[in-house]
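Participant: What follows is each chain in one-letter form.
Number of protein chains: 2
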Amino acid sequence: MKRTAFFISDGTGITAETLGQSLLAQFETIDFTKLTRPYIDSVEKARAMVQQINSAAEKDGSRPIIFDTIVNQDIRDILAESEGFMIDIFASFLAPLEQELTSHSSYSVGKSHSIGHNSNYMERIEAVNFALDNDDGARTHYYDKADLILVGVSRCGKTPTCLYMAMQYGIRAANYPLTEDDMESLQLPAVLKKHKDKLFGLTIDPDRLTAIRHERKPNSRYASFAQCEFEVREVENLFRRENINFINSTYFSVEEISAKILVEKGVERRLK
Amino acid sequence: MKRTAFFISDGTGITAETLGQSLLAQFETIDFTKLTRPYIDSVEKARAMVQQINSAAEKDGSRPIIFDTIVNQDIRDILAESEGFMIDIFASFLAPLEQELTSHSSYSVGKSHSIGHNSNYMERIEAVNFALDNDDGARTHYYDKADLILVGVSRCGKTPTCLYMAMQYGIRAANYPLTEDDMESLQLPAVLKKHKDKLFGLTIDPDRLTAIRHERKPNSRYASFAQCEFEVREVENLFRRENINFINSTYFSVEEISAKILVEKGVERRLK
Numbered sequence: 015m016k017r018t019a020f021f022i023s024d025g026t027g028i029t030a031e032t033l034g035q036s037l038l039a040q041f042e043t044i045d046f047t048k049l050t051r052p053y054i055d056s057v058e059k060a061r062a063m064v065q066q067i068n069s070a071a072e073k074d075g076s077r078p079i080i081f082d083t084i085v086n087q088d089i090r091d092i093l094a095e096s097e098g099f100m101i102d103i104f105a106s107f108l109a110p111l112e113q114e115l116t117s118h119s120s121y122s123v124g125k126s127h128s129i130g131h132n133s134n135y136m137e138r139i140e141a142v143n144f145a146l147d148n149d150d151g152a153r154t155h156y157y158d159k160a161d162l163i164l165v166g167v168s169r170c171g172k173t174p175t176c177l178y179m180a181m182q183y184g185i186r187a188a189n190y191p192l193t194e195d196d197m198e199s200l201q202l203p204a205v206l207k208k209h210k211d212k213l214f215g216l217t218i219d220p221d222r223l224t225a226i227r228h229e230r231k232p233n234s235r236y237a238s239f240a241q242c243e244f245e246v247r248e249v250e251n252l253f254r255r256e257n258i259n260f261i262n263s264t265y266f267s268v269e270e271i272s273a274k275i276l277v278e279k280g281v282e283r284r285l286k
Numbered sequence: 015m016k017r018t019a020f021f022i023s024d025g026t027g028i029t030a031e032t033l034g035q036s037l038l039a040q041f042e043t044i045d046f047t048k049l050t051r052p053y054i055d056s057v058e059k060a061r062a063m064v065q066q067i068n069s070a071a072e073k074d075g076s077r078p079i080i081f082d083t084i085v086n087q088d089i090r091d092i093l094a095e096s097e098g099f100m101i102d103i104f105a106s107f108l109a110p111l112e113q114e115l116t117s118h119s120s121y122s123v124g125k126s127h128s129i130g131h132n133s134n135y136m137e138r139i140e141a142v143n144f145a146l147d148n149d150d151g152a153r154t155h156y157y158d159k160a161d162l163i164l165v166g167v168s169r170c171g172k173t174p175t176c177l178y179m180a181m182q183y184g185i186r187a188a189n190y191p192l193t194e195d196d197m198e199s200l201q202l203p204a205v206l207k208k209h210k211d212k213l214f215g216l217t218i219d220p221d222r223l224t225a226i227r228h229e230r231k232p233n234s235r236y237a238s239f240a241q242c243e244f245e246v247r248e249v250e251n252l253f254r255r256e257n258i259n260f261i262n263s264t265y266f267s268v269e270e271i272s273a274k275i276l277v278e279k280g281v282e283r284r285l286k
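Residue numbers (my numbering), protein chains in the order written: chain V, 15 to 286; chain C, 15 to 286.
Hints are supplied without guarantee of correctness; some may be wrong.
One copy or any two copies: either way a pair holds, since identical chains are not told apart in the list.
Claimed, not checked - Cross-link-like lysine-lysine pairs, in silico, DSSO-like; alpha carbons within 30 Å at most:
#	residue 1	residue 2
1	Lys16	Lys231
2	Lys274	Lys48
3	Lys212	Lys286
4	Lys274	Lys286
5	Lys208	Lys73
6	Lys210	Lys48
7	Lys231	Lys208
8	Lys231	Lys59
These are computed hints drawn from the structure, not numbers from a lab.
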């Protein structure tokens, strides 16, 4: 069965998209075409949107599902005339919240919900810069400022995880690659020992690591299965010996790895 | 007025957090303490959660607001016994969706909703690597593989925007800094001319740029207001002359900038 889903917003569309994706993921047997349509903030854009919705309806032979977070009533009225099945996110929850909080929301007074440019902006940019500046062991003398230091073999997923934690939570995460040299000596580098409470380990299945390294350096010793297996085994042994908690990036998304690390290390988000 | 809000999930908590943040942002007069609690996936963790909720209720003198996306009914029953005011995200929307789709959701059969490790994972990692490898004009010979190329003065926000687009959408975005040399000659570098359809401009207020550069290189000519003002003016003139659409990063969040760019360039997300 084929269905089109639209995530429609007068802002970025991230709320409609995140909730919509989660809800649709519960229907595994249905093949959804998902379209995000941000900044539908005028009557003209709403009318063009209705045409898109209706042509998807005709093409699929079934009503598209609409997840929307639009504030303006005129725009909502136009979308409501489309062939779509509307899941009205704000309307569903704001009325009970208004009652509980005995307060009117900006929504009910027709104000937009821009994320705006607040203190979070600089906090987040600084976290991203921290991740980039302290990536791959490039710089170690700012580890006292780090919330976390990820350790693991080269190409096990440390950098994307650090960047995600910076973007999503404003967490300052450094990362340090455990290279062959560290493995021979079978101990933590001195620079990491000093910050042992901040360490978290990432590991990866040797098969997957071989494939990833092969993309970067085809047919190298670095990318060989034997080398990957050796490094992974030695590093996992090191984690166990040093009591460093670790997670296998082969089986989890970047979101899942990040959330698990924050729970395990008891680190709270910095973004408000 | 003070209130505590909990974003509770048996998974990453990102859906509960994103929707909860959006809804609470509509109540500007209330001071919320926001706590994300992912991986509440056992009866024991749920009981500990209830204690946290109840002590927040006692401390605040008002019911905490609970946004939850928990699937397991036993865990939900325990949370429902807390002092919190529950906003039950999945329950509200899945019943109407099941009816519309004439299909049972995993939720109603008690299955978890892991993001899992799908084709999105590699797509996203590759997009992040693309942004890193093609950051700051470091490499230009892969621009034919880019979905977008952001251009602008040094430190106007190009790198975080490229990384966000990679993480959130799987978009391959390169970025190229317009430096003083390019400004003197008052034209686009040849390497950018070839890919003019992929260009998008970022600009920034000179005040903000001065502050940001000052953090990196205090008291340098690079960070002086005169230099920042000159560069911004010249680059904005170049954008206008060359008909390159641009956006001012001073007034928008990274999410907003990214969503606006995708709309203007007509680029669709790569992540499913």
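Participant: Name the hints, by number, that the structure is in violation of.
Facilitator: Structure breaks hints 1, 5, 8.
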